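Enquirer: Residue numbers (our numbering), protein chains in the order written: chain V, 71 to 289; chain S, 71 to 289.
Rather than coming from a laboratory, the hints here were simulated on the basis of the structure.
If you're wondering where the values come from, they're calculated on a predicted model, not measured in any experiment.
Wrong hints could be hidden among the right ones.
The list cannot tell twin chains apart, which means a pair is met if one copy fits it or any two copies do.
As the list claims (entries may be wrong) - BS3-like mimics (lysine-lysine), calculated; alpha carbons at most 27 Å apart, straight line: (1) Lys227 - Lys148; (2) Lys227 - Lys75; (3) Lys75 - Lys264; (4) Lys215 - Lys148; (5) Lys280 - Lys216; (6) Lys227 - Lys280; (7) Lys75 - Lys266; (8) Lys216 - Lys148; (9) Lys148 - Lys264; (10) Lys148 - Lys266; (11) Lys75 - Lys215; (12) Lys280 - Lys215; (13) Lys279 - Lys266; (14) Lys266 - Lys227; (15) Lys216 - Lys227.
There are 2 protein chains.
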Amino acid sequence: MSPVKVFGHPMSTNVVRVLLCLEEVGAQYELVPVDFLAGQQNDPQHVQLNPFGKIPAFQDGDLVLFESRAIAKYILRKHRTNDLDLLKENSSIEEAAMVDVWTEVESQQYYPAISPVVFECIIFPIMRGTTANQEVIDGSLERLKKVLEIYEARLEKSRYLAGDSISFADINHFPFTFYFMATPYAPVFDGYPKVKAWWEGLMARPAVKKVCANMPTEF
Amino acid sequence: MSPVKVFGHPMSTNVVRVLLCLEEVGAQYELVPVDFLAGQQNDPQHVQLNPFGKIPAFQDGDLVLFESRAIAKYILRKHRTNDLDLLKENSSIEEAAMVDVWTEVESQQYYPAISPVVFECIIFPIMRGTTANQEVIDGSLERLKKVLEIYEARLEKSRYLAGDSISFADINHFPFTFYFMATPYAPVFDGYPKVKAWWEGLMARPAVKKVCANMPTEF
Numbered sequence: 071m072s073p074v075k076v077f078g079h080p081m082s083t084n085v086v087r088v089l090l091c092l093e094e095v096g097a098q099y100e101l102v103p104v105d106f107l108a109g110q111q112n113d114p115q116h117v118q119l120n121p122f123g124k125i126p127a128f129q130d131g132d133l134v135l136f137e138s139r140a141i142a143k144y145i146l147r148k149h150r151t152n153d154l155d156l157l158k159e160n161s162s163i164e165e166a167a168m169v170d171v172w173t174e175v176e177s178q179q180y181y182p183a184i185s186p187v188v189f190e191c192i193i194f195p196i197m198r199g200t201t202a203n204q205e206v207i208d209g210s211l212e213r214l215k216k217v218l219e220i221y222e223a224r225l226e227k228s229r230y231l232a233g234d235s236i237s238f239a240d241i242n243h244f245p246f247t248f249y250f251m252a253t254p255y256a257p258v259f260d261g262y263p264k265v266k267a268w269w270e271g272l273m274a275r276p277a278v279k280k281v282c283a284n285m286p287t288e289f
Numbered sequence: 071m072s073p074v075k076v077f078g079h080p081m082s083t084n085v086v087r088v089l090l091c092l093e094e095v096g097a098q099y100e101l102v103p104v105d106f107l108a109g110q111q112n113d114p115q116h117v118q119l120n121p122f123g124k125i126p127a128f129q130d131g132d133l134v135l136f137e138s139r140a141i142a143k144y145i146l147r148k149h150r151t152n153d154l155d156l157l158k159e160n161s162s163i164e165e166a167a168m169v170d171v172w173t174e175v176e177s178q179q180y181y182p183a184i185s186p187v188v189f190e191c192i193i194f195p196i197m198r199g200t201t202a203n204q205e206v207i208d209g210s211l212e213r214l215k216k217v218l219e220i221y222e223a224r225l226e227k228s229r230y231l232a233g234d235s236i237s238f239a240d241i242n243h244f245p246f247t248f249y250f251m252a253t254p255y256a257p258v259f260d261g262y263p264k265v266k267a268w269w270e271g272l273m274a275r276p277a278v279k280k281v282c283a284n285m286p287t288e289f
C-alpha cells in the first residue's frame, strides 16, 4: 500500500497540524512540496485537490481531502486503536464531546487571540516583508491573557484540556503556540504555570519533536 | 428524564445552530433565555456554564458543554439512528471525513466570506446602532462570490455538500445564510443555480421552518 500524501509545506501551521497527527499515530506518509511563498497553492494541479487553493491537501488512494482539521480527524480515526484514540470517539459520546469542545475553543477563542502575534512577528515579515504592528500585538496579547486565564482554571481541574488523558484538543494547539514561543512574547506563558507545564508536556512528545525539526524559528 | 437545556437567545446564529440540530433529531429541549443584548452572557451564573462568556451553553444532566459546533455534534451523536446520522460516522470514515471537510469549509471559508455582510446589515445595527459600511460589504461580497463558485461546482457533482444525502455540513450553513437572505444582497445567490436550489431545499425542511419562526428579519 502506498503511503498517504500530504501536499503542502512543513512550515505552514495547517500542514503541521496534519503532520503531527500522522506522527502521533505512526503512519507512513509522503510530503509533496507546495511552495506557498511562490504561490504554488494556486496552480491548477493543486486546485484540483483543494478547490480553495490552500494548503494542505491530502490523498489516501482515491480519497482526496482538504481542510487540515478534517484531514487530522480522518487520520486519527483511521489509525485509532484501544490504546490510541485521540478523538475519544470509542470512549463515550460525553468524552468525545469534551474533545470537540476544546478543539472548537482552539479554533474560535485561542487561535484568534494568539495568531495575530505570530502573523505580525513571523508570518507577515516572511510573506510580505512587513515589520510588526505593535498595536495589533498589544491587543492580541490582552485577549490571549484572558484566554490563558480560562485555560489555567481548566488545567487546574484536569491534566489535559478534554480530561485526564491527552486528545486531539491538546495537540491541535501545537502549531501556533510553537511559533508564538519563538516571538519575544513567549514569557507571557510564565504567568500561567499549569498552562506552561501542559505546553512543556506537549513539547516533550516524540511526535512533536519530530515535526519541530522541520519548523524553522529563525529566518 | 428532564429535557436538555440550551442557554441562549433564539436570534443568535450560534444558538440557532444548536436548536436546529435538536429540531432535526426531534429532541425535547428547554431554551433558557440569556439576553445577550443586555450582556447577560457575562453574568456569573452563565460564566459558570461557559467560561468564555458566550452563548450558547448546554446542559444534559451533569454534562455541561459550550461551543455551538461541539454541542451540535453531541446532539447528533446522541440521537443518531440508522436512518438519521447527520455526521455519517456510522457509515464509513471516508463519508464522515467528507462531512468534516465541508463543515470546516463552512467555518474557515464560507463564514468569513458571508458574515461581514450580516454583521454590517443586521447584527451591528442592532447591537451597536451603527450603519452599514459599504466598503466592508463590497469586499465581503467579492469573497463570497468566489466561495459560491466553488460550492456551485461541488453541487454539480453531488446533491449535498458531503455527498448525495444531507449532513451536518449542509445544515450548518443555515444560520448565517438565513440572515444574509434578509439583506439587500440576497440576489447574489441567483447567480449560482445549484447553490440556490440547495438553499431552497434546506429552507423547506420542517426543522428549519420551526427554528425560522423565532428568527426575526425585520427590526
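Enquirer: A separate judgement is required for each hint: does it hold in the structure or not?
Expert: Structure-based check of each hint:
Only between protomers do Lys227 and Lys148 lie at most 27 Å apart by alpha-carbon distance; the minimum there is 26 Å, versus 31 Å within a single protomer. For the homomeric pair Lys227 and Lys75, the shortest alpha-carbon distance between copies (24 Å) is at most 27 Å, but the shortest distance inside one copy (39 Å) is not. Taking the closest pair of Cα atoms, Lys75 and Lys264 never come within 27 Å of each other, the shortest separation being 36 Å inside a single copy and 31 Å across copies. Taking the shortest Cα distances, Lys215 and Lys148 never come within 27 Å of each other, neither inside one copy (36 Å) nor across copies (35 Å).
For a Cα distance limit of 27 Å, the shortest separation of Lys280 from Lys216 qualifies neither inside one copy, at 31 Å, nor across copies, at 37 Å. Proximity of Lys227 and Lys280 under a CA criterion of 27 Å is satisfied in neither setting, with 30 Å inside one chain copy and 39 Å between copies. Proximity of Lys75 to Lys266 under the C-alpha cut-off of 27 Å is found in neither arrangement, the shortest distances being 34 Å within a copy and 35 Å between copies. With identical chains, the CA atoms of Lys216 and Lys148 are never at most 27 Å apart, being 36 Å at best within one copy and 33 Å at best between copies.
In the homo-oligomer, the alpha carbons of Lys148 and Lys264 never lie at most 27 Å apart, since the shortest distance is 32 Å inside one protomer and 33 Å across protomers. Taking identical chains as interchangeable, the C-alpha atoms of Lys148 and Lys266 are never at most 27 Å apart, the minima being 31 Å within one chain and 35 Å between chains. For a Cα distance limit of 27 Å, the shortest separation of Lys75 from Lys215 qualifies neither inside one copy, at 38 Å, nor across copies, at 30 Å. Taking the shortest Cα distances, Lys280 and Lys215 never come within 27 Å of each other, neither inside one copy (29 Å) nor across copies (40 Å).
Taking identical chains as interchangeable, the C-alpha atoms of Lys279 and Lys266 lie at most 27 Å apart only when both belong to the same chain, with a minimum of 17 Å there against 47 Å between chains. In the homo-oligomer, the alpha carbons of Lys266 and Lys227 lie at most 27 Å apart inside one protomer (15 Å), although the nearest pairing across protomers, at 47 Å, exceeds that limit. Taking the closest pair of Cα atoms, Lys216 and Lys227 come within 27 Å of each other only inside a single copy of the chain (18 Å); across copies the shortest separation is 45 Å, beyond that limit.
Of the hints listed earlier, those the structure fails to meet are numbers 3, 4, 5, 6, 7, 8, 9, 10, 11, 12, in rising order.
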